[in-house]
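Peer 1: For reference, the chains in residue letters:
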Amino acid sequence: MTTESIAIGQPILACEGLKKSFLGVAAVTGATFDVPKGLITALIGPNGAGKTTVVNILSGMMKSDAGTVHIGTTDVTNWADYKIAALGLMRTFQLSRELGGLSVLENLLVAPRVQAGESLFNVFFRPGRTKREEAANIGRALEILKTYGLYDLRDNRAAALSGGQKKLLEIARGVMANPAILLLDEPMAGVNPALIDQIGEYVVDLKNRGMTILMIEHNLNIVEKICDYVIVLAEGRTLATGRLSELRANEDVVRAYLGEIINAGPHS
Amino acid sequence: MSYYIYTLVFFLFVYFILAMGLNIQFGQTGILNFAYIGFVAIGAYVTGATSLPTSDTGIGTGQHYILGLNLSFPFNLLMGGVVSSLLAVVVAGIVLRRLRTDYQAMVLISLSLVLYDICNNFVPLFNGPDGLYNIPEPMVGIFHLTSNQFVGFFAAVTGVISFILWLFMNRLMNSPLGRTFRAIRDDSGVASALGKNVLKYQVLSMVIGAFFAGIGGGLIIQFGGSFNTSAWLPGETFVVFAVIIVGGVGNNLGLLVGSLLVETLLVHLPAFLPDIPGHTGLIQYIDGALIGILLMVMLWFRPQGMVAERVPTTERLLKRFARSKRAVANAAVDGDAPNAQVTL
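Protein chains in written order, with this note's numbering: chain A, 174 to 441; chain B, 11 to 354.
I should point out that these hints are in silico values taken from the structure, not numbers from a laboratory. A virtual CB, placed ideally from N, CA and C, is assigned to each residue, including glycine. Just to be clear, a hint being listed does not mean it is correct.
Unchecked claim - Label pairs and their computed distance ranges (CB to CB):
| id | chain 1 | residue 1 | chain 2 | residue 2 | range |
| --- | --- | --- | --- | --- | --- |
| 1 | A | T241 | B | L309 | 48 to 54 Å |
| 2 | B | L243 | A | E177 | 44 to 50 Å |
| 3 | A | R416 | B | W310 | 57 to 63 Å |
| 4 | B | F132 | A | N220 | 57 to 63 Å |
| 5 | A | G273 | B | Q294 | 41 to 47 Å |
| 6 | B | D127 | A | G301 | 47 to 53 Å |
| 7 | B | R108 | A | G221 | 25 to 31 Å |
| 8 | A | T241 | B | R108 | 41 to 47 Å |
| 9 | A | G273 | B | L243 | 31 to 37 Å |
| 10 | B | E325 | A | N220 | 43 to 49 Å |
| 11 | A | G273 | B | R108 | 53 to 59 Å |
| 12 | B | K329 | A | S194 | 52 to 58 Å |
To be verified - Below, simulated PhoX-like cross-link-like pairs (lysine-lysine); rule was C-alpha separation at most 20 Å, straight line:
| id | chain 1 | residue 1 | chain 2 | residue 2 |
| --- | --- | --- | --- | --- |
| 13 | A | K236 | A | K319 |
| 14 | B | K329 | A | K304 |
| 15 | A | K256 | B | K210 |
| 16 | A | K398 | A | K380 |
| 17 | A | K256 | A | K236 |
| 18 | A | K192 | A | K236 |
As the list claims (entries may be wrong) - Derived coverage of chain A by chain B (criterion: at least 3 residues anywhere in the stretch with Cβ under 8 Å from a Cβ of chain B; other residues may be distant):
| id | stretch |
| --- | --- |
| 19 | 274-281 |
| 20 | 288-300 |
| 21 | 360-367 |
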């Protein structure tokens, strides 16, 4: 079965009863939710709610103490991250993790998961195949860099980019990998307001092209604007799910999270 | 005089090979292989032992060693490279699996000491502290060479081998595989999140580097005719690291420069210089101090090395991989619609 056969809006990624503690401190105490295919889902909650830990578990970077994770019908609980990536789930990081010694273009070129040129045999005995694939990848990477406004920086070392540019590069790298599901860990954090709207447009564009997005986000304006579905985590467990407009009416949610956001202003 | 020059040229090429091997592991993949000299030694011992007849007959009299296959050049040399690579599979499979880089380095330096102690104390393996000697000089019979002619001849052979290995390494480093190695060096977590099986690539990098180490070791034992534990004290690994740091991790030309500066000029040349009056023998031991000073100067003033790593420009990548610019333009048009080509 492929994730392609799942209908839009049906669960493509699901977790149930996820638990994780660090040195006896419970970070996730029962996260259960579905991520619908082809939509943008926001994962919101106060600081320390366990959002990043959940994303780490979903992407295989961390093992859970209990609970299950499914991609489509495949149980991927506690699989290694590279195996989960092989099923079409990619993630970005809260603090940008660019490959600093590589050029901006190379950061994208490294992203496609299966490359003929990554096999020692192909490098020496099938150079034609490696060349064809690499040429196609370079073309695609340059197009993506143009879209994300990084084209002029393509030959710079990624370490030399500004914070905002690194955020864009992370998303561009995720796009280059061409995943079915993209997990974005606070893509708008630490970037200027103009860039926030731009990143929002890019994310919507990815959705329109069939990608499923799960993003951790604190900026409720942007959540309201672009996200179809919202999951609220508080104290390590799922508090509520639904549209943001519905959640605003939910007293638990307002008490746990929205209240403090509304009081603190729109951009906090 | 020519004997000295050929010896210096030989060590220039051998250390170029050794530096390329360590560079793929450390400079490209980020593995701090402090056991590198152990892989050089295994290559030397295996090349030596496989070129001798069995230890209870013939010219091996009085020596104890395993194998004794009496292989001729270059098969003995290839055996050295292959056995060193096989050792790397075992070592990398164990050491790299669960440990972080800094702990890997500690385990590898311990491994180097363990290997040293085994070879030094377990005589039936490679003749203990006496090591292997009377290793036949390769191809002397075919070309009717005198011992003096052999030195120049073998320096040239080593040059040719280093050139072939350089071609191999150049293609590897400029390939998508080389790029994946560098991605793992920069952030193995990101590489893993992109779907790269990091352990698999690290093991591959260790195997390739160990092959170069084994070949280098094999050339050393065949050039000198003998090899024992005094030749590979674990500290020798740092001479190869110095070659890489001085030359620059990024490209192979830098490694040749580093090899010339560190190995030829600092390690081997002083042995051929006249004594300092009143300090007999001092000059032979001056290399350690000079290498230390050179390393500090480099790390202060030019940490990128003599020849800095350059990232390939788009233009260079296009030249390297595209058959025509049009092919790239076409590829750009069809390629960027995301779709889930995943099978569950």
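Peer 1: State for each hint whether it applies.
Peer 2: Status of each hint after checking the structure:
The hint said 48 to 54 Å for the Cβ distance between A:T241 and B:L309, and at roughly 50 Å that hint holds. Evaluation of the 44 to 50 Å hint for B:L243 and A:E177 yields a failure: the beta carbon distance comes to about 60 Å. Between A:R416 and B:W310 the CB atoms are about 59 Å apart, so this pair conforms to the stated range of 57 to 63 Å. Distance hint for B:F132 and A:N220: a CB-CB separation of about 59 Å, consistent with the stated range 57 to 63 Å.
Range check, A:G273 to B:Q294: Cβ separation about 42 Å, and the 41 to 47 Å hint holds. B:D127 and A:G301 have their C-beta atoms about 49 Å apart, which keeps the hinted 47 to 53 Å range intact. In this structure the hint that B:R108 and A:G221 lie 25 to 31 Å apart at CB holds, the actual value being about 29 Å. In this structure the hint that A:T241 and B:R108 lie 41 to 47 Å apart at CB is violated, the actual value being about 25 Å.
For the pair A:G273 and B:L243, the supplied restraint of 31 to 37 Å holds, since their beta-carbon distance comes to about 35 Å. Checking the proposed 43 to 49 Å range against B:E325 and A:N220 shows it holds: the Cβ atoms sit about 46 Å from each other. Separated by about 25 Å at the C-beta atoms, A:G273 and B:R108 break the suggested range of 53 to 59 Å. Against the hinted window of 52 to 58 Å, the Cβ-Cβ separation of B:K329 and A:S194 comes to about 53 Å, which satisfies the hint.
Under the criterion of a C-alpha separation no larger than 20 Å, the hint pairing A:K236 with A:K319 is inconsistent with the structure, at around 37 Å. In summary, the hint linking B:K329 to A:K304 is supported, as the alpha carbons are separated by about 10 Å, within the 20 Å threshold. Proposed proximity of A:K256 and B:K210 is supported: the alpha carbons are some 13 Å apart, at most 20 Å. For the proposed pair A:K398 and A:K380, the alpha carbon gap of about 14 Å is at most 20 Å, so the pair holds.
Only pairs whose Cα atoms come within 20 Å are accepted, and A:K256 paired with A:K236 is accepted, the gap being roughly 13 Å. A threshold of 20 Å between alpha carbons decides the hint, and for A:K192 with A:K236 the separation of about 10 Å falls inside it, so the pair holds. Residue count for the stretch 274-281 of chain A with a Cβ under 8 Å from a Cβ of chain B: 5. That meets the three needed, and the coverage hint holds. With 8 residues carrying a beta carbon less than 8 Å from a beta carbon of chain B, the stretch 288-300 of chain A meets the three-residue requirement, and the given coverage holds.
A stretch counts as covered by a chain when three or more of its residues have a beta carbon under 8 Å from one of that chain; for the stretch 360-367 of chain A and chain B the count is 0, and the coverage is violated.
The structure is inconsistent with the numbered hints 2, 8, 11, 13 and 21, although it conforms to all the rest.
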